[in-house]
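Student: Sequence:
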Amino acid sequence: MDLLTRKSWPWLYGIASAASLGYETVWLKQLAQLFGASSHAVAVTLSVYILGFAVGGWLMCRLMVQAKGARRGFAGLQLFIGLWCALLPFLFQLADLIYIRFAPPEQTIAHQALRIVLAFALLLPPATAMGAVFPMVSAAGVGRMFAVGTFGSVAGVFLVALLVLPWLGLNTTLWLLAGINLLLAGISWFGKGEIESAVKKQAEPVEGIRKAAWIIGILGFSLFAAQGVWFKLIWLVVDATAYAEGMVIAAVLLAMTAGAVIGNRWEIRSERILLALAAVQLILIFAMQGIARVWTSLRPAAAGSFMVYCLCLLALALLIVGPAALGYGMAIPRFCRGFNPAQVGRLWCFHHIGCAVGMLLCGFVIIPLIGLTWTLVLSTLLLLTPLIRRSAQKWATAGAAVAVIVGFTGDVTYAKSAANPLKVVMHHEDGAGVVEVYEDENGYRRLMSSRLRQEGGDEPEQVRNELVQGKLPILLHPKPDNVLVIGMGTAISLRGALTDRVQKLTCVEISRGVVLGADLFAKANGNVLQEERVSLIEQDGRNFIKLTSDRYDLIVQELFFPYRAGVGALYTAEHFERAKAKLKPGGQFAQWISLSQIGTRQIRSLIRTFTEVFPETSGWLAGGYFMLIGGEQKLSLAPDNPALGHYFGSAMLKDWSKTADRNTEDNLAIEFSVPKAFRELNTTALAVTNLRQLLKAQDAVEQYHPTLVSAENAASRHVRQATLLRFDGHEADAFRRYEAAIQLDPNNFVARQALIADYAKRNNHRQLLNLQPDHLGARFNLGVELYRSGKYKEAAQNFNFVLNREPNNADAQFNLANSLAQLGKYPEAMRLYQSVLRIRPNHADAAANLRELQQIVD
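If you use our numbering, the sequence shown corresponds to residues 659 to 1516, in order.
Keep in mind that the hints were calculated from the coordinates and are not lab data.
Do not rely on the hints blindly, as some may be mistaken.
[As the list claims (entries may be wrong)] Pairs of lysine-lysine residues, derived as BS3-like cross-links and limited to a Cα-Cα distance of at most 30 Å, are as follows:
#1 LYS1354 / LYS1312
#2 LYS1181 / LYS1074
#3 LYS1137 / LYS1162
#4 LYS1240 / LYS1312
#5 LYS1316 / LYS1242
Nothing here was measured: the structure is a model prediction, and the numbers come from that model.
My request is simple: use the sequences and hints to build the entire structure.
Tutor: Here it is in structure tokens:
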């Protein structure tokens, strides 16, 4: 039986294309683990993969492979791809050793050069073989095989991203794909059917080979410039999970497939295709806000199941990228039509060079320099350049004028309307995405990453939480001289961490936009980044830990978003092992977790992975956040340590998590499982569920260890119950629990902070001062209350207390003057009124009271 007929070739090429996109999906994750997840690292490694396709096209051009010998040529390429990719897991391990040995811990030109060299060594050989396949099979019809290839790629993305990777992990998926390539090699080698040449049946080429190469290179550049914008726009509407990434790539390829089918079936002039493509790219600049609203209306329908949610993501991506990708799918094969395989190889080479250059320039230069809107305009202008010397020249000129006008008047990120009613005080666009700072009517600010993720804010409750997250690990460590913090946000937590006990603090932050945004929170973070003891490094935190030769007393990983693609690698056993190796003797590693952003099963997985690396681990609860801290040695805490109110023991954590999955760099269990809880993510309900599970586990342990039920632990139980009550909306009951905790343990940090905030909110000044005698706001307000009650002497004492700390506080001076006037101390009161007027010349009440006293004295 003949395994191969002439009609089998589209099937074989479609399956090979599916495997190629499957490889790309796996390689992006492996390269992010190897080189880091920064936008620059991703751009460099992905461009190397694309350049491999260009080299493959160039080789086809040089070798002049014709249709007659394509069968065994195809078999040889598939055999090479399969064998190389079967070895890749071991080659990645070797590359990791070389990278760790020679790469500096910070981003430098030498660092980027090493990434390029290693990426070339790993990916160029198989990518070259993949790039040679399309020119070889193009003899069967460029448009037809292009459509088959892109559709196969869609299938590959769907199957690998949604099913195979979460099920098998990275290495086994690679071996499965390698097996598919080897199977294709066998079928092709032992079959008898050659590719049926369609070159003679096709119409004449649209352009000569040189001009076609130039045009198709422009199409490649324009496609990847536009694609860089599309992805960042989509991440303003949905979170960039591993599944969402797959759906967006699938949407681009699906639309290009449709474009190739349409272009192959109907004769459409190339000028019309380019003009239409330019038009839809410009329309997107004004349509994006409406598409975001469509997604808002789609979300209730997406809540049915995870698969329905993924299909809705696909629909959203098609709305954004579909029209333009359809045009690219029509245009690319159109300019390859009528050429023989060697000539198609040359065009394929130029196209992928344009793609790689577009990706690199947009990520490194163009988007940071001119922003997303103008990058899309630039992509559109490039599409119009081939029309300058054609009959459509007038249309091209008009289109260019319109594009420039749109660039000046439009905003594809619709920043102001998205923030409404808040004010946008910072809007930053670069290769990593969009970072913004919003300000409300009260002057409070929030730092937003890709508009969906709040990195922090300066509202009083947020500041309190962030200070706790900074202070708690420091409180627990006996000697935190040298501290490393991964992640920065608003830098308020850094202010909390930078106590007198810390001699040096190094912070690593991956996002340039976040670094810029933190400067707008200088008042709340105390300008901590300007402190001599603080150094800031812009780098992927996971990569920095891998490469640094420094050792630390304490390493703290701040709150991350575990459902985002790539973030799960920060919770793997391998990463924890590398961090452990960078600790000094007696050092500790801390990891913060938001209880509203991860499911209970994933928390258990994280805890199991953590405790297997750090044998002496404890857990610490702070409101809706949970911190693990561990090392080789058990923490030794003084009885009066205020952090004791948060304690979860090592035995409890290990027992509770022992049946959970272990999170590794191969299975990425957290990255693939957290997004499936899409309905509950970032909800109070999820935080309450996780908190209840934690408390249930803690209660079970205390039944077997009654000696743990000390006054501190009894107070801790009240705090936890209060936290649950607050989540359920029972504020009054919650604060009774906090008050009970304070009676048992006056040093309980969480209870004290919660009660201070509550007393301030309810103007219960006396109770607040019992907890914090130096609270200036309470002192001032109590003084006002006493004055109104006629207790002028006691009022004056409180205003004096404020002025001892803030001598130029005009309000305190004015109220103290009023109190002294009531006590008959006119000269002192007059001096204070005069001081108020020097600070506030337009203070009418101070001026009036001063004149009145002068009349009395005179």
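Student: Could you run down the list of hints and mark each one as holding or not?
Tutor: Going through the hints against the structure:
1. LYS1354 / LYS1312: holds (14 Å)
2. LYS1181 / LYS1074: Roughly 25 Å separates the two Cα atoms, so the pair holds.
3. LYS1137 / LYS1162: OK: LYS1137 and LYS1162 at ~12 Å, within 30 Å.
4. LYS1240 / LYS1312: holds (24 Å)
5. LYS1316 / LYS1242: Holds - the C-alpha atoms of LYS1242 and LYS1316 are around 28 Å apart, at most 30 Å.
In summary, this structure violates none of the numbered hints.
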